[in-house]
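Protein chains in written order, with this note's numbering: chain A, 1 to 259; chain B, 1 to 378.
What the hints contain is simulated information worked out from the structure, not anything from laboratory work.
Okay, the calculated bits of chain A under chain B, using three or more residues with CB under 8 Å as the criterion:
| # | region |
| --- | --- |
| 1 | 112-122 |
| 2 | 127-138 |
| 3 | 190-200 |
All C-beta atoms, glycine included, are put in the ideal place defined by N, C-alpha and C.
Residues per chain are reported as follows:
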Amino acid sequence: MAEPIIIAKDLEVSFGNNTVLDGLSLSVPRGEILGVVGASGSGKSVLLRTLIGLVAKTRGSVSVLGVDQDSASEEEWQAVERRWGVLFQRGALFSSLTVLQNIQFLMRETLDISQELMDEVAMAKLEMVGLTPADATKFPSELSGGMTKRAALARALSIDPEIVFLDEPTSGLDPISAGELDELIKTLQKTLGLTVFMVTHDLESLYAICDRVAAIADGKIVADGPISTMLKAKHPWVKAYFRGQRGNLLAAQREQPAL
Amino acid sequence: MSGEALLTSRFDEGVLALTAGGAWTARNAGELERLLEAQREDAGAAKSISIDMSGVREFDSFGAWLLERLTREWQAEGGKLTVERLPEQDHGLLAEIRQVNQTPREQPRRSTPLLDGLARFGRGGASVLDDTAEFANMLGAISVAGFRVLGRIRNFRLTSLVNQLDRVAWHAIPIIVLITLLIGGIIAQQGIFHFRRFGAEDYAIDLVGVLVIREVGVLIVAIMVAGRSGSSYTAELGSMMMREEIDALRTMGFNPVEVLMLPRVLALTLALPVLTFIGSMAALLGGGIVAWVYGGMSPDIYIARLSDILTVDHFKVGMIKAPFMGLAIGIVACAQAMKVKGSAESLGLQTTISVVKSIFLVIVLDGFFAIFFASIGI
Ligand SMILES: Nc1ncnc2c1ncn2[C@@H]1O[C@H](COP(=O)(O)OP(=O)(O)OP(=O)(O)O)[C@@H](O)[C@H]1O
Ligand SMILES: [Mg+2]
Numbered sequence: 001m002a003e004p005i006i007i008a009k010d011l012e013v014s015f016g017n018n019t020v021l022d023g024l025s026l027s028v029p030r031g032e033i034l035g036v037v038g039a040s041g042s043g044k045s046v047l048l049r050t051l052i053g054l055v056a057k058t059r060g061s062v063s064v065l066g067v068d069q070d071s072a073s074e075e076e077w078q079a080v081e082r083r084w085g086v087l088f089q090r091g092a093l094f095s096s097l098t099v100l101q102n103i104q105f106l107m108r109e110t111l112d113i114s115q116e117l118m119d120e121v122a123m124a125k126l127e128m129v130g131l132t133p134a135d136a137t138k139f140p141s142e143l144s145g146g147m148t149k150r151a152a153l154a155r156a157l158s159i160d161p162e163i164v165f166l167d168e169p170t171s172g173l174d175p176i177s178a179g180e181l182d183e184l185i186k187t188l189q190k191t192l193g194l195t196v197f198m199v200t201h202d203l204e205s206l207y208a209i210c211d212r213v214a215a216i217a218d219g220k221i222v223a224d225g226p227i228s229t230m231l232k233a234k235h236p237w238v239k240a241y242f243r244g245q246r247g248n249l250l251a252a253q254r255e256q257p258a259l
Numbered sequence: 001m002s003g004e005a006l007l008t009s010r011f012d013e014g015v016l017a018l019t020a021g022g023a024w025t026a027r028n029a030g031e032l033e034r035l036l037e038a039q040r041e042d043a044g045a046a047k048s049i050s051i052d053m054s055g056v057r058e059f060d061s062f063g064a065w066l067l068e069r070l071t072r073e074w075q076a077e078g079g080k081l082t083v084e085r086l087p088e089q090d091h092g093l094l095a096e097i098r099q100v101n102q103t104p105r106e107q108p109r110r111s112t113p114l115l116d117g118l119a120r121f122g123r124g125g126a127s128v129l130d131d132t133a134e135f136a137n138m139l140g141a142i143s144v145a146g147f148r149v150l151g152r153i154r155n156f157r158l159t160s161l162v163n164q165l166d167r168v169a170w171h172a173i174p175i176i177v178l179i180t181l182l183i184g185g186i187i188a189q190q191g192i193f194h195f196r197r198f199g200a201e202d203y204a205i206d207l208v209g210v211l212v213i214r215e216v217g218v219l220i221v222a223i224m225v226a227g228r229s230g231s232s233y234t235a236e237l238g239s240m241m242m243r244e245e246i247d248a249l250r251t252m253g254f255n256p257v258e259v260l261m262l263p264r265v266l267a268l269t270l271a272l273p274v275l276t277f278i279g280s281m282a283a284l285l286g287g288g289i290v291a292w293v294y295g296g297m298s299p300d301i302y303i304a305r306l307s308d309i310l311t312v313d314h315f316k317v318g319m320i321k322a323p324f325m326g327l328a329i330g331i332v333a334c335a336q337a338m339k340v341k342g343s344a345e346s347l348g349l350q351t352t353i354s355v356v357k358s359i360f361l362v363i364v365l366d367g368f369f370a371i372f373f374a375s376i377g378i
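Next up, chain A with everything else stripped away, as it sits in the complex (with noise of 0.2 Å):
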């Protein structure tokens, strides 16, 4: 297996008495597609934030890329955060930009190139996520829940970074769009070596891109493997979300060759 480039160890995170996180640890090698679920509110967003430094950590230890987040020194730090993309789950995409600048804003701050090459590059990444070329000068406000979230995608994909981390992207995309973007990452994974941290509802994408599953209950991981292992789990939440109703559709699906 690879060498892992995302290790958190024995994290707890609280708000106030709210104990989100509670001893999770959790190491992703490079190049995999790890999806991460979980009921609602049980910390996935969270957890995606501590690990990129955004919520305070009350115990425990997470290095990414080989730097460790509490020893680095700031310029470390931040030679790091220019190697990853983040996928916010409200988009965050900065208001007073259009899509294009949004896009573009990286590139600009961190690569030495034409504007013709930036306008081209960031055009590309736009039709790449399934937007037209008429949504390059609207502004954030102007586009709909699903456009918010591919434009996200494509800034998150600005420079071509080692590591994504993506909150829900297929939410509130209808299912042809979801499939299409999840080839995306999976063609983006297989070219760049891309690794992938993924909060996802979207039991399709866990079947057709992840590597592997993780499942988080209690502010810990309660399962965690390829989809196989997952149907296996005995843990009650994991056995509903992929053995319930909707789950066991997919699963027969799976199981029966293509016809």
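For chain A, the structure is supplied; the task is to place chain B with the ligands on it using the hints.
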């Protein structure tokens, strides 16, 4: 590793053979772009071009696009570029990139400075009319809401009004007292300093008394309130507007004007006279302290002199203006908030405009009142 050449070329009997190597990634995109640009001249003379990609170890969408761009440019000129030995895992990305940017982008329309200037001038003129209309509109909406609430006074949001009063009146007192105290002191000091030359220091007290009670007290307080509360109303209501909270309220059957704006505007209208009174008293106190410490006039003399010259009319002139100014500030703040669009930038812009406009309006109002009082002779 960076020693590996990104691009080498061999030109041989009309065939241009390019060999790619190293990392064709975002990091090297600038360099690659220049290298490819430099090949253009040779390419013009070549009958066919081939590019060998087998040496490329890293490949991302920047590299893929540069390769695709080369292919398309060459195709547009009627030639053919063959991509050879692209590593297996990179085919997917190149295929993906092949599908995009097919429609040529339209060039942005060129603008001429003269036309732009004219357009801006015209828009500026039109916006004055718009502003007036908006102000009238908001005034109308608030009045309608006010009368409607009068009809069923039990529904009135008293808690909200009290809460707003707490914010804009009670919490504003310390800063207002501090500022007006200083202003009163400064006026007294300047008065004493200049009148002393004529041996007419006593008139400094007249100056402080009349100026503060009629004009300065209410103006300073109104300007402070516009900066402090008007701006926060615009920011608050504007961000609710931005996040569709106001739409949500409306669809639940509430009238946003009645629920959000009426209590706020009313609170300002009530708060301003109170604050003006407190501010004016603080200014008189400040003047008194300076007169005592700097001018050597005892507090008794100061008070006696003030009560000689100040009449009820002076007091009325100052106080009557206050509620109107409060109303104007509140209405501008609400009208401006309604213009906030989706972006954080527009929220900031409208908040600034709200403050500038309400201060302007306060001063214009003061001018109109001055004309009015002069013509009725008080
Ligand atoms: N900034 C915060 N302050 C206080 N509590 C928070 C904060 N952020 C999250 N929480 C709490 O942490 C818990 C986990 O929230 P989180 O956003 O991680 O849920 P989630 O698993 O991402 O759910 P969903 O699938 O609905 O997005 C919730 O109980 C939430 O109330
Ligand atoms: Mg979440």
